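Colleague: These are the residues of each chain, in order.
Protein chains: 2
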Amino acid sequence: MSLALDPAAQDLLFREAHTVRTFTDEPVTEEQMQAIYDLVKFGPTAYNQTPLRVVLVRSPEARERLVPLMSDANKPKTAAAPLVAIFAADNEFHEELPQLLPALPAAKDMFYSERPVRERSAGMNSALQAAYFIVGIRAAGLAAGPMTGFDHAGVQKEFLDDDHTPLMIVNIGKPGDDAWRPRAPRLAFDEVVTTV
Amino acid sequence: MSLALDPAAQDLLFREAHTVRTFTDEPVTEEQMQAIYDLVKFGPTAYNQTPLRVVLVRSPEARERLVPLMSDANKPKTAAAPLVAIFAADNEFHEELPQLLPALPAAKDMFYSERPVRERSAGMNSALQAAYFIVGIRAAGLAAGPMTGFDHAGVQKEFLDDDHTPLMIVNIGKPGDDAWRPRAPRLAFDEVVTTV
Numbered sequence: 001m002s003l004a005l006d007p008a009a010q011d012l013l014f015r016e017a018h019t020v021r022t023f024t025d026e027p028v029t030e031e032q033m034q035a036i037y038d039l040v041k042f043g044p045t046a047y048n049q050t051p052l053r054v055v056l057v058r059s060p061e062a063r064e065r066l067v068p069l070m071s072d073a074n075k076p077k078t079a080a081a082p083l084v085a086i087f088a089a090d091n092e093f094h095e096e097l098p099q100l101l102p103a104l105p106a107a108k109d110m111f112y113s114e115r116p117v118r119e120r121s122a123g124m125n126s127a128l129q130a131a132y133f134i135v136g137i138r139a140a141g142l143a144a145g146p147m148t149g150f151d152h153a154g155v156q157k158e159f160l161d162d163d164h165t166p167l168m169i170v171n172i173g174k175p176g177d178d179a180w181r182p183r184a185p186r187l188a189f190d191e192v193v194t195t196v
Numbered sequence: 001m002s003l004a005l006d007p008a009a010q011d012l013l014f015r016e017a018h019t020v021r022t023f024t025d026e027p028v029t030e031e032q033m034q035a036i037y038d039l040v041k042f043g044p045t046a047y048n049q050t051p052l053r054v055v056l057v058r059s060p061e062a063r064e065r066l067v068p069l070m071s072d073a074n075k076p077k078t079a080a081a082p083l084v085a086i087f088a089a090d091n092e093f094h095e096e097l098p099q100l101l102p103a104l105p106a107a108k109d110m111f112y113s114e115r116p117v118r119e120r121s122a123g124m125n126s127a128l129q130a131a132y133f134i135v136g137i138r139a140a141g142l143a144a145g146p147m148t149g150f151d152h153a154g155v156q157k158e159f160l161d162d163d164h165t166p167l168m169i170v171n172i173g174k175p176g177d178d179a180w181r182p183r184a185p186r187l188a189f190d191e192v193v194t195t196v
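Residue numbers (the working numbering), protein chains in the order written: chain A, 1 to 196; chain B, 1 to 196.
Derived from the structure by calculation, the hints contain no laboratory data. Wrong hints could be hidden among the right ones.
Since the list can't tell identical chains apart, any single copy or any two copies may satisfy a pair.
[Claimed, not checked] In silico DSS-like pairs for lysine-lysine, Cα to Cα no more than 30 Å straight-line:
| hint | residue 1 | residue 2 |
| --- | --- | --- |
| 1 | 157 | 75 |
| 2 | 77 | 41 |
| 3 | 108 | 75 |
| 4 | 157 | 77 |
| 5 | 174 | 75 |
| 6 | 157 | 41 |
| 7 | 108 | 77 |
| 8 | 174 | 77 |
| 9 | 41 | 108 |
| 10 | 41 | 174 |
All of these numbers come straight from a predicted model, not from anything done at the bench.
Throw the hints in and build the complete structure from the sequences for me.
Modeller: Here it is as structure tokens:
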């Protein structure tokens, strides 16, 4: 193995980690979410735009509004997870850029004056941050159940606004009984990587 | 700290890791790239679609074709990096789905029969995988310099085809002199996370 990361960390983050569909009742605390954020906030994005925004669905009332918007297969998982997080892209992220990119405050107007450009950039960069966040959930000793099967327009209307596009919804908690399916196959290196 | 991941691994992957702009001459080997891929291939994507494809630019001839397609600020970095990787989304990823998702081989036709749907899905999921890959580069004790500033249509024409959309280009190697700028600020937890 040519990796500097120790094998236990490799297992925790990737090799032994799984997308889970059942959870124990153990709650996910605000302190855990803070610790995850304080780690993964350092992951790189273009011009440090960091467009990911997160809505934590903690109240029973909010959970009741969310579950009907999930696909049928995702309803019971979302109803039962200790914590559910809505990941969204902030299409107006450029408003924060002067603060986030003090080396080039003009980037806000140089690159991001047009909304369609911002939407494309926020879509890609919030997906990068979603992946860092999934890694961070695992770094906290928790498991993630990311889902894209939901009524995106409905979730945007019910929990977000016109400036925030939902990206995925993630169940978070400790794995429960029969929490994951057998690992699905992955493509071989040579099927993914070519050299020129 | 509420994290299970040990602090050295937190530093390696996030806290002490930086986007780099200079590198030493030490080469990045095929074995290192294999080890990175064999770790990050396990990162989750929707329906295990794993649409990321990677072109490693190793020959001087290919490097000479790539550098002029980079933005001016990225040309010298891309010319000097030990290894340059083009990350792309495979918009025809559904062809591999029956192999990748044996639990639901019908997903290929149920969800992904239309090209625009595939392009959106490949864009988001290849970005997730790009983030896992950046984490993996750091796990290998290397540094990444991801860039979106390049002629996307030109790179697609020169190195890819109509079915593969370039996502980012990543310089890879050991950090050199003055390799990074001071860390830019990050948003506070309360600016990113709301609770309902």
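Colleague: It remains to establish, for every hint, whether it holds in the given structure.
Modeller: Here's how the hints hold up against the structure:
1. 157 with 75: within (18 Å within a copy, 43 Å between copies)
2. 77 with 41: both (27 Å within a copy, 25 Å between copies)
3. 108 with 75: For residue 108 and residue 75, the Cα distance is within 30 Å only across copies (23 Å; inside one copy 39 Å).
4. 157 with 77: Classified as within: same-chain Cα gap 22 Å, cross-chain 43 Å, threshold 30 Å.
5. 174 with 75: within (18 Å within a copy, 46 Å between copies)
6. 157 with 41: Classified as within; 27 Å inside a copy, 35 Å across copies.
7. 108 with 77: The answer is between: 24 Å across copies meets 30 Å, while 40 Å in one copy does not.
8. 174 with 77: within (13 Å within a copy, 43 Å between copies)
9. 41 with 108: within (20 Å within a copy, 35 Å between copies)
10. 41 with 174: both (22 Å within a copy, 23 Å between copies)
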